[in-house]
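Based on the sequences and whatever the hints tell you, model everything.
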Amino acid sequence: MPDSIIRATGVHKTYDTGTVKVNALRGVDLTVERGEMVAIMGPSGCGKTTMLNCLSGLDEIESGQVVIDGVVLHDLPDDERSDYRARRMGFVFQLYNLLPVLSAVENVELPLLVSGTSSTDARRMSMELLDMVGLSNRAQHLPGELSGGQRQRVTIARALVNQPSIVWADEPTGDLDSETAGEIMDLMCRLNVENSQSFVLVTHSIDVGNRAHRIVRMRDGAIVDDGNGQASGT
Amino acid sequence: MEELFGVSMDTIMIALLVVFLPVLAGIVFMAWRNPVMLKLGLRNIPRRKSQTVLIVVGIMISTLIMAAAFGTGDSISYSIRSNAVDSLGTIDEIIVSARATESDTIGSASYFPSQRYEQLKADLSGLDSIDGLAPSIGELVPTVNSRTSLSEGQMRIAGVDPNTLAGFGRFKLLNGQEVRLETLGPNDALINEEAAKELGAVPGDELVAFVAGSGVPFRVQGIVDSGGLAGRESTLLVRLDRAQEMFGREGLINSMAVSNLGGVFGGAEHSDEVTKALRVLFTDRAIAAELKTLLNRDEVLEQLTALMPTLEPKMADDLGMLSRGLAQSQMTDEFIGVLADEDAQEQVLRAASQTELSEVERQVGTLFAGLAEFRVLDIKKQVLDEADRVGSGVTSIFIVMGLFSIMVGVLLIFLIFVMLAAARRSEMGMARAVGAKRRHLVQMFIFEGTAYSVMSGAVGVALGLGASAVIVFVANRIFQGGGSGAPDSFTMAAHFEIRSAVVAYCLGMVITLGTVGVSAYRVSRLNIVAAVRGLPPPIHRSQTRFRDLLLAPLRSGVRPFLLAASGLRALASRDWVRGQALFLQAIWATVTAPINFFTGVIQVLWVPMSHGWLTVVAGGLFTWLGMASDQAAPLRIGVTLVIIGAGLTIKTAYHRTQLRPDVGDRIAYTFIGVVSLVFWVIPFSSMQTIFGEMEGGIEMFFISGVAMVTAAVWTVMYNADLLLKVLTFVTGPFGKLRPVLVTAVAYPMAAKFRTGLTLAMFALVIFTLIVMSILTEAFSAAVGDSDKVAGGWDIQATVNFNTPIDDMRQAIDDKPGLDNRDMTAIGGYTAIPVETRQVGAEEQRWQFYAVRAADDQFLLETGASLKLIANGYGDTPEDVWEALRQDSSLVVVDSLVVPSRDGFANDEIPFELEGVFYEDTEMEAIDIEVREPRTGQVIPLKVIGVLDRLSDAFGELGVGMIASRRGLDEAIPFKIPTTTYRFKAAEGTDITALSKDLESAFRENGMESDVLSDLVDDIAAANRAFNYLFTSFMGLGLLVGVAALGVVSLRAVVERRQQIGVLRAIGYRRRMVQLSFLTESSFIVLMGTALGVGLGTVISYNIVKEIQSDVETVRFAIPWLQIGVIVAIAYFFSLATTFLPARQASRIYPAEALRYE
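Quick mapping for you: the protein sequence lines, in order, are chains A and B. Counting along the first sequence from 1, when you hit position 189 you're at 209 in the numbering used here, and nothing is skipped either side. Counting along the second sequence from 1, when you hit position 1153 you're at 1156 in the numbering used here, and nothing is skipped either side.
The hints are simulated quantities; they were obtained by calculation from the structure and are not laboratory data. Watch out, some of these pointers could steer you wrong.
Said to hold, decoys possible - What follows is a set of in silico ranges between Cβ atoms, one per label pair, in the way DEER data are often shown: (1) B/665 <-> A/183: 54 to 64 Å; (2) A/38 <-> B/14: 55 to 65 Å; (3) B/725 <-> A/38: 45 to 55 Å; (4) A/144 <-> B/623: 49 to 59 Å; (5) A/38 <-> B/756: 32 to 42 Å.
What the hints assert, rightly or not - Pulled a few chain A residues facing chain B out of the computed Cβ check, cut under 10 Å: (6) 70; (7) 107; (8) 119; (9) 135; (10) 207.
Just so it is clear, CB atoms sit at the ideal spot from N, CA and C, and this is done for glycine as well.
Now the structure itself:
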């Protein structure tokens, strides 16, 4: 029997700007299996990033339910949800979102420190991860001193350092040239295989989508094809 | 208040308006020409209300401090003026005899026949500026109210002729009803409000005045308003004939009051004219002619001419007229008027003393003494001038003390605009990309800055005047507590002049706009691509050729003419639009020419300065200048520049290697910071072997503070990563605290400029507060040492001149309730006003001073300590006092007449010794001469000791050189009654009770007795209270620090919105985000506080050690409680200001934050 790690049902999300209401998610259902790499694709404004934010607990939902590894995420108080993210999730963003004032290794070790790992262990594990992404020689550099691809590798190292069950990646190659994007995808696919971690990727790139196990297609806040031939949302 | 730092307030106001109004007009013109930039500049103000509030608060501080300083100066000036006017009423001048008589006594004016009044009245009949002349008698006597038993030791009995009150106004009862002096019987009197208060008297009470040992009863017929002939201090008014009879002076008076035309306020305007006319009348023309002959010599005339440029214009004019008068054959009234003017006489004597003609000088001095029959005291004018002088002095003190806060305020304005620029970088890059020019960006910022300045200037002036009202309130409380040296009846009223408000506003605006202009210029030089893409600015290498750089200053001068010429050409070719535009540009280029010239020069010098070698050269020049002029400020600045230059040279050399440049920066800047810090921290006295004796005033405190704080901040900022490592290590075991600390320290350390400025602001403010606190503590403890201050005496009592006690011991025996055994010693003295000069000194003018003619018991028992003892007169103070007892030609002088190397100012006593400094360790005996002013008798004396500064609390308890009265009794033809007594109480005696018993027993002698330790405590308390007041004023700078932190935090929340989203995404809880922001502020506040406390303590230690060589009892002690309170207040308000932004940051939803661009 398949082992689902993410199970979202009937998720609704509306943005209210005061003058305009936008139905960003219209009751989407999605299930992701453990170790699976899923790519979410669709035109701009279809709700891909919103879905990623809602499923990962970065944003609130109006209705529906998101269960991660048996835990109903939105029932958790904010502090516990933060702790849960620190221990179980990793994030990769299109613009890297590294803290510019910390060195590469300090950026990577931050999630470990947040989850209470000792500084010695945190530093050792971070260096291992940087080594794994091929950046151990750049560990003391500030993000401003790294190239785009190197920054994204650091972001990936940071996302993986606490050995999360799920890695959420929002346009991980959106700001990179095709060659570097290919390298980054190689890296993520390798880690996915080696660590059996689930990856949920939001992307515009068909190349990236093709590297995933499954492509979920969205339009106007609904899933038109979840890759298993199912659609959800009104 | 008419002047500030010696410059007329009118001139200051006009100068500021001349600068400010055209600048404002220029800005308005720019706004009219560029409405789009105006809109862009102003639109941000309403958008971020809390930020706007913080900016306005931060910017207003300079204006606030200056308005508070001006407000306080105006209030003091106004209060002294109104007290003077209330006190003198319609009296403008007082005429007293300049000739002594055999029946004169110390303490009252010489008498003269009342017929002189009649003659004078006839002589003055043609002078329209005078509307009143009143003969009178004034004597101080002890008075007791029989009903209440309350007494007044120094009641002024004023005898006034009811027929001569024209021009002075009638006496009025408190209910406003007029009262006629003619109706008073022989034993009737009126008293003024002050006397009624002191005696608890009401109409109908019987008062007994004690004259020559017998009581004279008076019935109070009414209580009149104080002021004018009714006096300000306790006064009992009787008819003139009754006063003459009472004092046995029939047909005599001892003063005449003059009222000028113009009433209470306008009278002083005629003072110069009236005084001159009176002096001409009173001058002995034969003596004037002798003087004319004596002074009409080339040497004297040359010296007079040489003096003129150094004098105030009016005095220079007078001396010019005197010089011309000397050359003429006839003596004009104008000539005599100047010759009889005591200020002019001083200058003439000064000129004569510069010549080789010592005999002429001596004769001139003697002739001046006998020149006039009467002295004319233009008392109201003098008091009003003094009011302006004090007001201006107080304003200067407050401004100097506010310099730190003003400086911190300027830093904040700069910081605010640098941050606003950082926030709008991308927007400005876009504007530049679509065609906006650099000047448009400058204009945009200037519009925004002007809007903030206009608001904050107004708020600052209003709050500053409010602060001055608070200062006045606190000062009044201190005056009421006693010990401040202010008269009991003196109260201050809050007052400010519109002119002061205008000056404070304009000064604040000029400072703000200047800073805004500089920051706007800096901001405008952005790299468009880097700004649009949000990349760090590239390292700028100037592409400008050196030749162009050199020509830039020249070009700024020529450009307006070139533009005007082009404009003319355009007009000649009938291109009106272009011509007009060129002329406008020419005007603008003229207005900005000084700025452009200055900027050009800076640009030329910048490169070699930043490479280091030119900075070393400049530092060397300054150092040489300081050494040549013996001035500490240029010398220390010079050495610091040499250190900075050396550091920059290291940096330049390092950058030429292949090594990492950041390491070079760290080495260079750490070198500059540490070496400068060491240089400034080492007490300067220990460097005297290298640089010799240097002079420095209060400015050194300001310069030292800024230099030390800058050096320390520099060092910290370039080595903060080490600090971060220590923090990381220390917080290792504290789980979730570590990531919070990591970000809290990393962010401020990454923004070195911003953090450094904020850190410097906090450190500077805390530094000043700590120095003030420690020095207050040290001085209060020293002044509060009552044994040292009072010379071992317990009680000080004064009696009235007119009712002295011949033999105090005998008198005590005669009084039931008093026991001589309660007092182990009783000493007494009389302070006699005299004129003094030093034999063989450069200054040969007679200067006012006093002699305390002390009895043997005083000299035998006094424990007053001495700072200097003349060689050959023993080793201990006891030896000196014994020498004084044995030889009545020997004296000990106050510390106030001995100059100080540290610039310790003494304005109270005009006489000053030459050839000795207070800091010296030994002295030779100094010959001086003392002249009794009325008889002209000269007594030679020898100075053999100098009192310690603490003795008599810097002169608060008594002033005058101390000598044995035996010699003076013989030399002065008047009787010298003892008027001041000091008592030592026997072991176990209740001193307070003894003091009260003495006062009560000798009420009829007008005795007023005080426990010396209480007086000393009052003085110490008043000193401390004033210092707290000053400390609080300086604490206004904390407002800036707190506002700065608020602005930094608010900006940080906006700038780091996305990063806050990331932190939340990777597991930071809300509280961790909040804590991170609060920790960041705490880091800056605590680091700034630690630097301020540390450096403030070190410099205070140095200052106290320097002072200890002069005042031994000054002790270095750290007032932990006060420092704790200062630190707690600073920390609390800083956290309170950053709490809201921190909370705002923690409330940001992660997804929302990540979406933010």
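Structure-based check of all given hints:
Here the CB-CB span from residue 665 of chain B to residue 183 of chain A is close to 35 Å, at odds with the stated 54 to 64 Å. Our hint of 55 to 65 Å for residue 38 of chain A and residue 14 of chain B holds, since their Cβ atoms are close to 58 Å apart. Hint check: residue 725 of chain B to residue 38 of chain A, Cβ distance near 50 Å, so the stated range 45 to 55 Å holds. The hint said 49 to 59 Å for the Cβ distance between residue 144 of chain A and residue 623 of chain B, and at roughly 54 Å that hint holds.
Evaluation of the 32 to 42 Å hint for residue 38 of chain A and residue 756 of chain B yields a pass: the beta carbon distance comes to about 38 Å. This hint holds: residue 70 of chain A has a C-beta 8 Å from the nearest C-beta of chain B, less than the 10 Å allowed. Below 10 Å, beta-carbon pairs count as interface contacts, and residue 107 of chain A has one with chain B at about 7 Å; its hint therefore holds. Against a cut-off of 10 Å between C-beta atoms, the interface hint on residue 119 of chain A holds, since the closest Cβ of chain B lies about 6 Å away.
Checking residue 135 of chain A against chain B: minimum C-beta separation of about 6 Å stays under 10 Å; hint holds. For residue 207 of chain A, the suggested interface contact is broken, since its CB lies about 19 Å from the closest CB of chain B, more than 10 Å.
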